[in-house]
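Novice: As a plain string of letters, each chain reads:
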Amino acid sequence: MTRLTVNVCQLDDAAEISASPAIVKVSQLPEISGVFRGHELTRKDRDDRLSSGLSTLDTILSGGIARGRISEIIGRAGSGRTSLAASFAAAATRRGEVAAWIESSGAFDPASIAASGVDLARVLWASISTRSGVPPSCKSFELSSRQFESRALQSSSRDQFQPSPIVRKQSALLKAVELVLEAGGFGLVVVDFGDAARSISSSAALRLARAAERCGAVVLMIAPHRMCGTFAVLSLVLRRVEASFGRLAPGAPSLFDGLTIDATVARNKLGGRGASALVYAMTDPAAQFILPQSHRRNDLRKIHGLQS
Amino acid sequence: MGRIACILVSDFSIAALVRANPTLEGAVLAIADSTAAHAELSVLSLRARERGIRPAMTLAQARAISSDLIIRARSQAAEHSAAAALADAAESISPAVEVGAPGCVWLDLAGLGRIYSSEEEVAAELQRRVRRLGMEAAVGVAANREIAALAARCGGIRVIAPGLEREFLDWLPLDVLKLGPTESGLDLELTLARWGLKRLGDLARLDPDAVGSRLGRRGVELVRLARGGDSRPIQPRQRTETFTESIELEYGIETLEPLGFMMRAMLDRLTARLALRGLVAGDIILALGIGGHRNLSRRIAVAAPSNDARAMLTLINLSLEAAPPEAAVESIRIDLEPRAPRPAQNDMFLPPAPAPDRLETTIARLAALCGPASVGTLMPENSHRPEAVRLERFAPPPPPPVNPDAPEHAVAQLVIRAVRPAVEIEVMCSRGGPEFVRGPNLGARVVSIAGPWRRDGEWWQQIDPDAAGTSAQCPPDNNRHRLDQHELQIVNGHPRRQTALALTISGKESETSDAGIEEALARRVRGPGEGIGWPGLSRDERYADASSLMPESPPLVAVRDIRFLNRSPYAAKKTPDAQTPREGAHQPKSQLREGTSARRGFVRDYYELALDDGGVYRIFRDLNSDQWFVDGVYD
Chain A
1 MTRLTVNVCQ LDDAAEISAS PAIVKVSQLP EISGVFRGHE LTRKDRDDRL SSGLSTLDTI
61 LSGGIARGRI SEIIGRAGSG RTSLAASFAA AATRRGEVAA WIESSGAFDP ASIAASGVDL
121 ARVLWASIST RSGVPPSCKS FELSSRQFES RALQSSSRDQ FQPSPIVRKQ SALLKAVELV
181 LEAGGFGLVV VDFGDAARSI SSSAALRLAR AAERCGAVVL MIAPHRMCGT FAVLSLVLRR
241 VEASFGRLAP GAPSLFDGLT IDATVARNKL GGRGASALVY AMTDPAAQFI LPQSHRRNDL
301 RKIHGLQS
Chain B
1001 MGRIACILVS DFSIAALVRA NPTLEGAVLA IADSTAAHAE LSVLSLRARE RGIRPAMTLA
1061 QARAISSDLI IRARSQAAEH SAAAALADAA ESISPAVEVG APGCVWLDLA GLGRIYSSEE
1121 EVAAELQRRV RRLGMEAAVG VAANREIAAL AARCGGIRVI APGLEREFLD WLPLDVLKLG
1181 PTESGLDLEL TLARWGLKRL GDLARLDPDA VGSRLGRRGV ELVRLARGGD SRPIQPRQRT
1241 ETFTESIELE YGIETLEPLG FMMRAMLDRL TARLALRGLV AGDIILALGI GGHRNLSRRI
1301 AVAAPSNDAR AMLTLINLSL EAAPPEAAVE SIRIDLEPRA PRPAQNDMFL PPAPAPDRLE
1361 TTIARLAALC GPASVGTLMP ENSHRPEAVR LERFAPPPPP PVNPDAPEHA VAQLVIRAVR
1421 PAVEIEVMCS RGGPEFVRGP NLGARVVSIA GPWRRDGEWW QQIDPDAAGT SAQCPPDNNR
1481 HRLDQHELQI VNGHPRRQTA LALTISGKES ETSDAGIEEA LARRVRGPGE GIGWPGLSRD
1541 ERYADASSLM PESPPLVAVR DIRFLNRSPY AAKKTPDAQT PREGAHQPKS QLREGTSARR
1601 GFVRDYYELA LDDGGVYRIF RDLNSDQWFV DGVYD
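Chains as they are written, first to last, in my numbering: chain A, 1 to 308; chain B, 1001 to 1635.
Please note that the accuracy of each hint is not assured.
These stretches of chain A come out as covered by chain B in the derived footprint (C-beta under 8 Å, 3 or more residues) [stated by the list, open to error]: (1) 60-72; (2) 113-125; (3) 169-181; (4) 263-273.
To spell it out: a stretch of chain B is covered by chain A in this simulated footprint if at least three of its residues, at any positions, have a beta carbon under 8 Å from a beta carbon of chain A; those stretches are [to be verified]: (5) 1378-1387; (6) 1612-1626.
Hints are computed from structural coordinates only; laboratory data are not their basis.
Where is the CB? At the ideal position from N, CA and C, for every residue including glycine.
Construct all of the structure, not just a fragment, from the sequences and the given hints.
Specialist: Here it is in structure tokens:
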């Protein structure tokens, strides 16, 4: 500890540190801006966030999504939720972190995910969708009490109490997430519930929240609606504003440019609820000139209703 | 003078049984050749001797003394494993280890003075390590092997200081030697008792030549032993390549769960041995003995060597689930290849990463949960087909240098959610473009459209009909190969109705359903007397034969190409890579896995459609089958 203190203190002396590769390495880490004790480096309540790398989004999220917590990106298919999740994954892998992408829908498209900047070699992919059945050990994993009661009312037949395939698949998905979080070392865990998702029970959500806190990983859920209730620290609701189609010249073939997404912070325990911004997800981000004129005038940084 | 330690496990057969089955610990246990009433007991546990049971009693006699007597047969497998474990305990202290009779191991203590302060401490450490491996041992330390063994037979820890060997031997009773009959059948113990000898000191005072003339070579050796004479040095055993535990089951096990219980205990014992030697487990070699004296052996690769028995058991279970044994398992043998432990120290200045051993465990559990083909690193395949992916083993590379000054972006890359496999849809076209789309969970009007963008590929695998001329130039092997693939497709459960046979007859293509292939051939192929007969040939052979008959057919019905089409563009557009999938290749759905023999590659027109349901879809029209599919949603 003393040695680290000395090194970090030397950072102020720019003349001495320039030749030391170890100290230069220290200076490259944005988190270590001061001197920490050992236990402070692993403190859970430290305001550590994972940036998306998108300026507008990071602004309304006060720098990114919190580590060690559950965050949700909510929207229907086509709202841009996968693109934003890929942005966070790209930021995580760019920092050298290891990410996991666990899905129940089989929708992971490695080509476009890689195009968004994700280092696929650092992403552990697991899919429940290609498994025809769920192992017996997972069948009784989770069935929320409400679902159980409603099923009990529907019929008294014993087989009616068996969880539906969607519930079983979702239970297996949550089990997979827990396994990944137990392993530790993952910076980001993306959970893609697909379009046919049911809210998970409080006990399962609590278990996930505690596992995320222990692991210190960002747990990012993609779902059509809120999944974890009060256990999610952030709920980012996405809505597609428009899909841009344009032509490079009159008579030229029509091109699909991308989506304009309205991102609204519907819930944020860390502050900033209600903030919204327009985020652009383009098929070719380098070609920003194809954005609508109104968007270009706003310099892509128009933020609506940002609350402090 | 060297110093030798001897580790001795008394009643080794019993100790090996108890080690293999810890529930027998403390039981009134005896070993007999059979469970018949007249069978004689050979080895007894301490509790059995305390009850008054003695060796050579019959089973009926012993049961009369103690009704809770447990009889077991001697287990060679358990004794081999226990002997190896005992040698491991010795080798964890000294590199020079000699294995003697079962349950007896010598080790050279030379050079250990720098590590241990006294020989008593070495002996205590040896005893502790043997206890960790599930056995109780006595340790003797002396100047040579024989005296060390005699010291160990006294029980506990006994160190014979240098120069005091004769003093120790003088009072030692002759019973300790456990003298058996000589080669000539002479009972040495009885003979020495008749001579009035009770202790080794009495024997040492005799003239060796006189004893030798009466008792032979064995008598001379006894006198030399009684005098503490020097013996040969230790002959170190060869280091083992693998760590082995084996067990013979009393009855066959047919299900995985009880087998897992047995293997878990074996893995625990193996990892304890490895840990004692400062090693970790590498690859696993599992040999299962099944009925009919057959052995099934398999090698299970372990990417991250560790001593986590639970993770190893998960890997074994996965392997057994993938390829279960044909019959009940009657014996189990597990070999672990030792590896040097790999330091898993993370860089302080880099982001944390999963520990290799825990990551391996996690991947194994995920594979058990999701299926082995659904866990790993999903990568785009080097193909013109956008849906082509491959699955690689997840092994994150070292993190790249972090650039804190990485610029922020204003625009995100749009990602597509794949629809895998592509779903067939109906598209109503107007003025040459899609107007309305209808399909499963889909039915909306087209609002905006981009495309079409043509993608074609794998045309280089096409058999050029002009070059081939007629099927006479098509090698029969090729046809056969295609037919085999067609058969594979059916085996994989692909509906036959999706298969069609396309015949190019006199330059005009026509298709027929699979069920009507024979009729079509019968109707259109008029070979010299063959027709549709082909007696004695299987259906595939008939097809192959039909193609070979084509050149002899009348020109009117010359068939230039036979190919099998599939209604699914995925299956119809299989690449050679997909036809022979590489190891670990990901094939999410059956349609991706199933192949047909299309040789014309694929030609697709892709569109991006914004529908009035709010989504932007990527659809394509397969020009080979003239069908529409949706294969992704921009999200």
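Novice: Taking the numbered hints from earlier one at a time, note which ones the structure violates and give those numbers from smallest to largest.
Specialist: 1, 4
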